[in-house]
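My request is simple: use the sequences and hints to build the entire structure.
There are 2 protein chains.
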Amino acid sequence: MSTSSPPLSSTERTQVRRHSERARTDRQELYAVLDEGRVCHVGVVVDGHPLVMPTGYGRLGDTLYLHGSSANRSMQAAADGIGVCVTVTLLDGLVLARSVFNHSMNYRSAVIFGAARQIEEPAEKLAALRVVTEHLAPGQWEAVRQPTRKELAATMALALPLDEASVKVRSGPPRDGDTPDAELPVWAGVLPIRQVIDEPIPAPDVPDDVDIPEHIRRLVH
Amino acid sequence: MSTSSPPLSSTERTQVRRHSERARTDRQELYAVLDEGRVCHVGVVVDGHPLVMPTGYGRLGDTLYLHGSSANRSMQAAADGIGVCVTVTLLDGLVLARSVFNHSMNYRSAVIFGAARQIEEPAEKLAALRVVTEHLAPGQWEAVRQPTRKELAATMALALPLDEASVKVRSGPPRDGDTPDAELPVWAGVLPIRQVIDEPIPAPDVPDDVDIPEHIRRLVH
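Protein chains in written order, with our numbering: chain H, 1 to 221; chain F, 1001 to 1221.
These aren't lab readings, by the way, just hints derived from the structure by calculation.
Built from N, CA and C at the ideal position, the CB exists for glycine as well.
One thing to keep in mind: the hints can contain errors.
Which chain H residues stay away from chain F? Per the calculated CB distances, all over 12 Å, these [what the hints assert, rightly or not]:
id : residue
1  : Gln15
2  : Ser20
3  : Thr25
4  : Asp26
5  : Glu29
6  : Ala32
7  : Gly56
8  : Arg59
9  : Gly61
10 : Arg145
11 : Thr148
12 : Leu162
13 : Asp163
14 : Lys168
15 : Pro185
16 : Ile193
Partial list, derived from the structure: chain F residues whose beta carbon lies under 10 Å from chain H [what the hints assert, rightly or not]:
id : residue
17 : Gln1028
18 : His1103
19 : Ser1104
20 : Met1105
21 : Val1169
22 : Leu1191
23 : Ile1193
24 : Pro1202
The following block contains the structure:
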């Protein structure tokens, strides 16, 4: 994929050591993983121990916006500007080989390191919430009631620059075709996995004359 | 759900502080999340910084087995017996409310804290690999070639006791039905999300007379 954006960083900790052929250095591939995922896992160190929490997010340019309650422990810790590690993993398939050893998974994963910045300024926080909301359901921001000042105060938003990141991708069939195992009368291949969105379920208190809007219907697949 | 197994621990760090009504204390619910997930996110502290990596796993009783290469940095760190945090998240839906503030996700997540133990003894390592393999595709262990001594040595398996864990679940419609927002002419509801497994893709070098076995076909849904 050709792009004019700068390549991904290559620091000690973003260097893919295991299966380096799976590493991607194109920034577009980082965007692709982040834009397709819906939940990231935010890792922080609290009292010397790791804490990993699922968190909603969105991306705008080279900034990842994390969204959570101000009571969320990992968000609280991350808001202090300590180092975080944010990982997004998309599972694409189970790779079944002719030997246990060659079993694997097809996946795309992004790992981002950095210090997150807590967004305090109301207009910037509003913009961050917009990114996170539109990430889940494009068109939703304009369709619903926007936050009051009080709601905005109860929400925590963090900004994490996409400066130090790595992307790893495994795809395709098992790699045991050129081993003696290929002679075994054993089936091998991939079970493709994907996430689907089913028919929307209206809240019980939505009036009958309020239809499912087109920007929501479009998400069903 | 009634069960004779001990309830989940309630330590300082497994106490669900945000949305405590979403906390589950039944051990069976921990098993359910772990058994349905396919990838966990393992958090460790390396040089004072958090590192979160997607990892394959399996469960047997009250032990979680983590599987990776001996070159995997988070596995290496975890093998040293330092504290780990292992999180499994199942995304069940997008919760679209009448206000931005009440947007949410339906999910089930399990967070486990503890010190992992590296499994060295070959028979125990073989048993751990069996658990991880059967977790992905039940029946697969007996169907394929089992590991050689050399392959076993190149594989890392860790055991993590399910002693300190929390489970959090959000389900159902948005909670804005009893607010003034309910008067807004805005659609609200849930977009259900699920993972599907599509038709298996045979490896290109599998002979035509080797059919997809029943235990694999059964996974397609």
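Hints versus structure:
1. Its beta-carbon lying about 10 Å from the closest one in chain F, H/Gln15 breaks the requirement of being farther than 12 Å from that chain.
2. The claim that H/Ser20 lies off the interface is violated: its Cβ sits roughly 10 Å from the closest Cβ of chain F, which falls inside the 12 Å cut-off.
3. Every beta carbon of chain F lies more than 12 Å from that of H/Thr25, the smallest distance being close to 19 Å; the non-interface claim holds.
4. Listed as a non-interface residue, H/Asp26 keeps its Cβ farther than 12 Å from every Cβ of chain F; the least gap is roughly 20 Å.
5. Residue-level check passed: H/Glu29 sits 16 Å from the nearest beta carbon of chain F, beyond 12 Å.
6. The claim that H/Ala32 lies off the interface holds: its Cβ sits roughly 17 Å from the closest Cβ of chain F, which is beyond the 12 Å cut-off.
7. Remark: the non-interface label on H/Gly56 conflicts with the geometry, its nearest Cβ contact in chain F lying 6 Å away (cut-off 12 Å).
8. Once the 12 Å rule is applied to beta carbons, H/Arg59 is consistent with being away from chain F; the minimum gap is 17 Å.
9. Distance to chain F confirms H/Gly61 as a non-interface residue, since its nearest Cβ pair spans about 21 Å, more than 12 Å.
10. Once the 12 Å rule is applied to beta carbons, H/Arg145 is inconsistent with being away from chain F; the minimum gap is 4 Å.
11. For H/Thr148, the requirement that its beta carbon stay farther than 12 Å from each beta carbon of chain F is not met, with the minimum near 8 Å.
12. For H/Leu162, the non-interface assignment is confirmed: its Cβ lies about 16 Å from the closest Cβ of chain F, beyond the 12 Å cut-off.
13. A cut-off of 12 Å between C-beta atoms confirms that H/Asp163 is not in contact with chain F; the least separation is 14 Å.
14. Consistency note on H/Lys168: stated as away from chain F, yet its beta-carbon is not over 12 Å from all of that chain's, at 9 Å minimum.
15. Look at H/Pro185: its CB is around 6 Å from the nearest CB on chain F, not clear of 12 Å, so calling it non-interface is violated.
16. At roughly 6 Å, the least C-beta separation between H/Ile193 and chain F is not larger than 12 Å, which violates its mark as non-interface.
17. At about 21 Å, the closest approach between the beta carbon of F/Gln1028 and any beta carbon in chain H exceeds 10 Å, and the interface hint on this residue is violated.
18. The closest approach between the C-beta of F/His1103 and any C-beta of chain H is roughly 6 Å, which is under the 10 Å cut-off, so the hint is satisfied.
19. At a threshold of 10 Å, the smallest CB-CB gap from F/Ser1104 to chain H is about 9 Å, leaving the interface hint in force.
20. Interface hint at F/Met1105: satisfied, since its Cβ lies 6 Å from the closest Cβ of chain H, which is below the 10 Å cut-off.
21. Interface restraint check: F/Val1169 against chain H, minimum CB-CB distance 12 Å, threshold 10 Å, status violated.
22. Nearest Cβ of chain H to the Cβ of F/Leu1191: about 5 Å, under the 10 Å cut. The hint holds.
23. The beta carbon of F/Ile1193 is positioned within 10 Å of a beta carbon in chain H (closest approach about 6 Å), and the interface hint is therefore held.
24. Taken as an interface hint, F/Pro1202 checks out: its beta carbon lies about 4 Å from the nearest beta carbon of chain H, inside 10 Å.
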